[in-house]
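> Here are the chains, one letter per residue:
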Amino acid sequence: MEIKLTSPIEKSRLSELKAGDMVSISGTIYTARDAAHKRMEEALSSGRELPFDIKGNIIYYMGPSPAREGQVIGSAGPTTASRMDKYTPRLLDLGLGAMIGKGKRSPEVHEAIIRNGAVYFAAIGGAGALLSKCIKACEVIAYEDLGTEAIRKLTIEDFPCIVVIDSTGEDLYLK
Amino acid sequence: MREINVSEITNKIKNMCISVNLDLSDDMKSALKQAEQEESSTLGKHILRQLDKNLEIASSESIPICQDTGMAVIFLEIGQDVHLTGGSLEAAVNEGVRQGYVEGYLRKSVVDDPLIRKNTGDNTPAVIHEKIVDGDKVKITLAPKGFGSENMSRIFMLKPAEGIEGVKNAVLTAVKDAGPNACPPMVVGVGIGGDFEKSAIMAKQALTRRVDKHSDIQYVAELEKELKDKINSTGIGPGGLGGDVTCLAVNINTYPTHIAGLPVAVNICCHVNRHISCIV
Ligand code: SF4
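Protein sequence lines, in the order shown, are assigned to chains D and A. Count along the first sequence from 1, add 260, and you get the number used in my numbering. Count along the second sequence from 1, add 134, and you get the number used in my numbering.
Keep in mind that the hints were calculated from the coordinates and are not lab data. Take the hints with a grain of salt, since some may be wrong.
[Said to hold, decoys possible] When the alpha-carbon atoms are kept at most 30 Å apart in a straight line, the in silico BS3-like pairs for lysine-lysine are as follows: (1) A:K187 - A:K362; (2) A:K148 - D:K393; (3) A:K242 - D:K396; (4) A:K187 - D:K264; (5) A:K179 - D:K264; (6) A:K293 - A:K187; (7) A:K187 - D:K435; (8) A:K179 - D:K346; (9) D:K393 - A:K242; (10) D:K393 - A:K167; (11) A:K187 - D:K393; (12) D:K393 - D:K278; (13) A:K252 - D:K435; (14) A:K187 - D:K396; (15) D:K396 - D:K264; (16) D:K435 - A:K148; (17) D:K413 - A:K242; (18) A:K179 - D:K396; (19) A:K187 - D:K278; (20) A:K179 - A:K359; (21) D:K413 - A:K252; (22) D:K435 - D:K396; (23) D:K278 - A:K179; (24) D:K435 - A:K179; (25) A:K310 - D:K278; (26) A:K242 - D:K346; (27) A:K364 - D:K396; (28) A:K310 - A:K362; (29) D:K435 - A:K293; (30) D:K393 - A:K179.
The following block holds chain A by itself, in its conformation from the complex (with noise of 0.2 Å):
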């Protein structure tokens, strides 16, 4: 048994928090810098141009990219044979939450109650997935997600014999509805099978993935390209003013599921994907 004092975790979370809110993964930086390239309205140029500023100032002047610093979604990957102690680890996981937001001068944007709306003022509680594996080590990812584009996510609960065109549907009529309302170019993260919560955890944790990394099932990671050239041919555009570039990327999570169902969930991203882990 390995033991881990849950005040690491805490120590870990506080600074993810405060740098995964000033500057994008490289990946997301290439994807941006490519767009640009690629992008043929000129307003839509533009607004790349300007976003490509801003991930500038964001990190040389810590002034967060975006004002909306999220609600913190945080994956657990717990090791077997590891112990935790010194604590909850709950408790732990807010508290470098706490911190991070509070010492990082990042938005408080989570309310106690969804109907009664009092601000935590401390950014918690995060929302928190564990999940048991082998080993002795323990993964934490953290993604922190706006609410602009968390708002225009959709879960479809399709027919079997709908088979792959209802999924490229239910995830196009998302990206349209979505519109400029999720800050495009965006990443659309789906999670297909499984059942109804599964598929909405498996396309959150699909936008944690690199977005220049296919998936490793061959009709998938194919699945994942049209989807993206159809999204580009919407014309929605950088800020949905128009233009060529409306996605990033699209990545795709399957899972098992029933004989009797198709579920299909569809978590937008804007172009402020952040996400970042460390391995404790």
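Chain D with its partners taken away, still in its complex shape (with noise of 0.2 Å):
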């Protein structure tokens, strides 16, 4: 019953996600928290290009632990979303395809969703050590003086989450 998707991911994909699907993720994400999306959004408004191509990416709220010698990364689990919700609309327009994180999304982000088609999932929080061991790659590709909230580039195998806004807008938080 687990529905598996790879990322990037095509709008007509994750058009055929409902809200409460479990899914697991393999591909390509990207990472960002709020001094991510502060930096992001002042590139966007002085006319600069973003330090990735959002198109039909996913953006993981989240900012891991330093990892150990031999570790790919360190705990790795979701942040909470609606910190990021000021910033989210301008992404989503220009085709940022989902996001994972956990919480409550605002009103003008579930308009978002529902205006370009995208998804909002949710990982389990407090659950960064499990969750680490789905993480094969970690790249640190911008914004590096951030620490742990630097944009980091990952290589992801069977990474489970939870489908919370659907593209039709149904918020399984709200069922």
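Assembly of the complex is requested from the two constituent chains, each provided in isolation within its own frame, with the hints serving as guidance.
Here you go:
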């Protein structure tokens, strides 16, 4: 009953997902938290490019703990998504496919999700050790000075998520 | 006068920072196991099972239970017959936090100024609460606090006429607003009475009490049980995705207050409720 997905991901594939579906994602995703979102917003506002192509891609709201020797990454669970709400509609309008986080989203984000046929996934909050096992590669690609808040490109394998807001705006938290 | 060199405190705090982020206390572990038994929703049960697995991996592979290894909150109960030597106590505490977070591969989540927001790079400073008590020992309690749940905490300055029903409403309001953001199942710390800041400190301290122990005051113990049931009937459930187990415990501390006031602080904590104590 788990739906397998590969990222980057087509909008047509996202539209098949329904709130409450359990999915497992493989492929490439990018991390960004508060400080990275602020910088991306500043980049857009001054006419610069984003550090990665967000079209059809997935942003994971996550700032890991440091990796020990021999580990790809440290603990790596989701952070609260609502802190990114202020920046999210603009990114969705530019083609961002989906987001992974935890917690409620604002009405503006709901509208932008529907407008763009995007999806909001939740990963299990507080399961950072377990989730780190699904991360096979990790590379800082921008804003390195932000430490844990830098943008990382992750290669993931069977990363478990639940569809919270589907492309029609149906919200599992409100059910 | 018993002399204690502050370097001893640095060492203890360093080791506590590392171990508290890899292993939950036994009472928290059994509460989570019991929750798994009690949960009737399939998705809820699945999430609780994953959390259990997460704890195993954290402990056996030394990966922090949660990537948010918190801001270090430290309660120091200092015996009045203790003479601290070897330097500043505050510096010694922060040095312990620094060593623990750097050497323990823990996340550095503290910024130097609330508005300028530059990461301090070593998770210092800690939030330190000191209290002078009888005796010749120092008790250290460390409770790293993640901010997903901290951000959902609230203070209500109620009117005395609102009474116990007002208190129940306040706690339920905070918990419902927190919902999935606070990584349920939660532990809810409540401080009733005192003044504005006393209630908040009591609420935080209540989170460091075992989740299988109720208040010694009978009516408070009953209020803890009633609120736990009420919270669990909200249906928020594990991960906020629906279910029976929304909270593992409600711990309440009380203190005398002013004739005109009824402060109620609700400090919400997630299932990664980390706390550890030691006596020097
Ligand atoms: S609220 Fe707790 S479990 Fe959730 S991310 Fe923060 S520290 Fe981790």
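> Each hint needs a verdict: does it hold in this structure or not?
Going through the hints against the structure:
no.	hint	result
1	A:K187 - A:K362	25 Å, holds
2	A:K148 - D:K393	27 Å, holds
3	A:K242 - D:K396	23 Å, holds
4	A:K187 - D:K264	22 Å, holds
5	A:K179 - D:K264	21 Å, holds
6	A:K293 - A:K187	45 Å, violated
7	A:K187 - D:K435	27 Å, holds
8	A:K179 - D:K346	33 Å, violated
9	D:K393 - A:K242	21 Å, holds
10	D:K393 - A:K167	22 Å, holds
11	A:K187 - D:K393	12 Å, holds
12	D:K393 - D:K278	26 Å, holds
13	A:K252 - D:K435	39 Å, violated
14	A:K187 - D:K396	19 Å, holds
15	D:K396 - D:K264	17 Å, holds
16	D:K435 - A:K148	44 Å, violated
17	D:K413 - A:K242	20 Å, holds
18	A:K179 - D:K396	27 Å, holds
19	A:K187 - D:K278	27 Å, holds
20	A:K179 - A:K359	22 Å, holds
21	D:K413 - A:K252	23 Å, holds
22	D:K435 - D:K396	34 Å, violated
23	D:K278 - A:K179	21 Å, holds
24	D:K435 - A:K179	18 Å, holds
25	A:K310 - D:K278	25 Å, holds
26	A:K242 - D:K346	24 Å, holds
27	A:K364 - D:K396	42 Å, violated
28	A:K310 - A:K362	13 Å, holds
29	D:K435 - A:K293	35 Å, violated
30	D:K393 - A:K179	21 Å, holds
In this structure, the earlier hints numbered 6, 8, 13, 16, 22, 27 and 29 are contradicted, and the remaining ones agree with it.
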